[in-house]
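**Student:** Sequence:
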Amino acid sequence: MHIGLIGGIGPAATDFYHRGLIERHAASNIALDLTIAYADVRAMSRNLNEKRPDRQAEIFARLIGRLKAAGAAAAAVTSMGGHFC
Numbered sequence: 139m140h141i142g143l144i145g146g147i148g149p150a151a152t153d154f155y156h157r158g159l160i161e162r163h164a165a166s167n168i169a170l171d172l173t174i175a176y177a178d179v180r181a182m183s184r185n186l187n188e189k190r191p192d193r194q195a196e197i198f199a200r201l202i203g204r205l206k207a208a209g210a211a212a213a214a215v216t217s218m219g220g221h222f223c
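139 is the number of the first residue of the sequence shown in this note's numbering; add one for each residue after it.
One or more hints might be untrue.
[Stated by the list, open to error] Simulated DEER-style distance windows between Cβ atoms:
| id | residue 1 | residue 2 | range |
| --- | --- | --- | --- |
| 1 | K206 | D178 | 13 to 23 angstroms |
| 2 | S166 | E188 | 35 to 45 angstroms |
| 3 | L159 | V179 | 20 to 30 angstroms |
| 4 | S166 | P191 | 31 to 41 angstroms |
For the record, the hints were derived by calculation from the structure and aren't laboratory data. Computed from a predicted model, the values in this text were never measured in an experiment. Glycine residues also receive a C-beta, built at the ideal position from the N, C-alpha and C atoms.
Could you build the full structure based on these sequences and the hints that come with them?
**Tutor:** This is how it looks when you write it as structure tokens:
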């Protein structure tokens, strides 16, 4: 399965997800098909501070659209902070 990650808003979390996916796919002898789209942490912080989850949801929806267009069948936001919306 092609997996999409929204990264950049939590680089350490993106790295954690990426490494975990690599390990699990290697252990199961399944090739990893992965695309990462980067979100702007400054925009997310601004949307969080301004209590605008709608704006952040629009950004995530656009990024998910890009991941889907790249072939991803599933997507995850790789940051706890990004889940406010």
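**Student:** None of the hints should be skipped; say for each whether it holds.
**Tutor:** The hints, checked one at a time:
1. Between K206 and D178 the beta carbon distance is about 20 angstroms. The supplied range of 13 to 23 angstroms therefore holds.
2. For the hinted restraint 35 to 45 angstroms between S166 and E188, the CB-CB distance of approximately 43 angstroms keeps it satisfied.
3. Restraint check, L159 to V179: a C-beta distance of roughly 21 angstroms satisfies the suggested window 20 to 30 angstroms.
4. Evaluation of the 31 to 41 angstroms hint for S166 and P191 yields a pass: the beta carbon distance comes to about 36 angstroms.
This entry satisfies every hint, going by the numbered hints stated previously.
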